[in-house]
Amino acid sequence: MIDLDEAWSWYVTTRNQLHLFARLGQKHWAGLPWEGSLGRDDHLKGLESEAIVAGSEFCLEHLDDFAVLILFSVFESIIRDQVLSEVEDEKGRIRNEVVLQIVNDGTEVIEHGGFYRVLQVFKGRDAGLVEAVNQVRRYRNWVAHGRRTSQPDSVDPETAFRRLKNFLGILGIGAAGGS
Amino acid sequence: MESLKDFIASQAEKLRNEESQAARKRDEWVGAVDRLNEQIREWLTSADPDHAILEVRETPFQLREEGIGGYEARGLLIRVGRREIRVAPIARNVAGPLSETGVIHVNRAFGRVDLTDGLQKYMIFRVEKEPEDRWRIIKQDGYRMQGFDLRAFEEAFKALLE
Chain A
1 MIDLDEAWSW
11 YVTTRNQLHL
21 FARLGQKHWA
31 GLPWEGSLGR
41 DDHLKGLESE
51 AIVAGSEFCL
61 EHLDDFAVLI
71 LFSVFESIIR
81 DQVLSEVEDE
91 KGRIRNEVVL
101 QIVNDGTEVI
111 EHGGFYRVLQ
121 VFKGRDAGLV
131 EAVNQVRRYR
141 NWVAHGRRTS
151 QPDSVDPETA
161 FRRLKNFLGI
171 LGIGAAGGS
Chain B
180 MESLKDFIAS
190 QAEKLRNEES
200 QAARKRDEWV
210 GAVDRLNEQI
220 REWLTSADPD
230 HAILEVRETP
240 FQLREEGIGG
250 YEARGLLIRV
260 GRREIRVAPI
270 ARNVAGPLSE
280 TGVIHVNRAF
290 GRVDLTDGLQ
300 KYMIFRVEKE
310 PEDRWRIIKQ
320 DGYRMQGFDL
330 RAFEEAFKAL
340 LE
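Just so you know, the protein sequences line up as chains A and B, in that order. Mapping of the first sequence onto our numbering: position 161 corresponds to residue 161, and the numbering continues sequentially without gaps. If you want our numbering, it's the position in the second sequence, counting the first as 1, plus 179.
Hint data in this document are derived by calculation from the structure and do not stem from the laboratory. A hint or two may mislead.
Below 30 Å or equal to it, Euclidean Cα-Cα: the simulated DSS-like pairs (lysine-lysine) are [as the list claims (entries may be wrong)]:
(1) B:Lys337 to A:Lys27
(2) A:Lys45 to A:Lys27
(3) B:Lys204 to B:Lys308
(4) B:Lys193 to B:Lys308
(5) A:Lys27 to B:Lys308
This structure is a prediction, so every number in the text was calculated from the model and none was measured.
Please construct the entire structure, taking both the sequences and the accompanying hints into account.
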């Protein structure tokens, strides 16, 4: 499973690669030695500077929103796994069948239910922190549902990453180190 | 018990209040963006007094935000030869870039405007609105946020053209 740092690294690398390619197209394309093997490369020889820049702009236009989406998906998966593993630990000690059934139903919610409910579990520990993450969740949902409704509080990828990382770090969940 | 008539009247009152709050918030934000545009225009004019190189024109952006609704805010389109730089209002409601999470509170920004050539991006956050607007700028892949003044603007603008 990809962790939050890897997801962040994917975003930064993708953005940098797009910037580099755009820069190459914008500033150096005409100056490349086209008379050599470069000029015989079918993938490159017909490519024009403007098309490279336009293509990079198009990718970058949506990249930030998709980064928030991916960062939050990774975070969601880490949290669900963590909560599930804590419940599984506790389940081993339960002898009463009714209680066990209730816990099993709860497990179903943790695995497949709305993530909002899972996050509420942490509200007792730190309501402000949960709200900060909820802001990212609402923005992620807006992106994931096609940006069809009014935009909730706008979230950039770095803010999302810091908040999610902070959440994992403060609650001691998952691989929160690094970066 | 409250009658249906009274209930509808109180709902109507609530709705009117919400609408007027949303309108105030929208107008206040659109005004702040206009003032920012004006400031940027002044800086550009002092750099190119005869408008020999820079072509600056206002351009509308359609936005739709929760609690505000759909509205139009104005940005700028700055042409430098074949290059184009945009001052684009992004949103009034933004998750604060300086947010402290955890046991502390969540700081908020009161709006974001981007300065971009479509590839590189500088984010300009409105970090205070009273007694007057205060903006701070950060490069998208940067780590240092600084006050948005002439020096910061010139630095960003030149970097976008380099």
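Here's how the hints hold up against the structure:
| no. | hint | in the structure |
| --- | --- | --- |
| 1 | B:Lys337 to A:Lys27 | holds (15 Å) |
| 2 | A:Lys45 to A:Lys27 | holds (17 Å) |
| 3 | B:Lys204 to B:Lys308 | holds (11 Å) |
| 4 | B:Lys193 to B:Lys308 | holds (26 Å) |
| 5 | A:Lys27 to B:Lys308 | violated (40 Å) |
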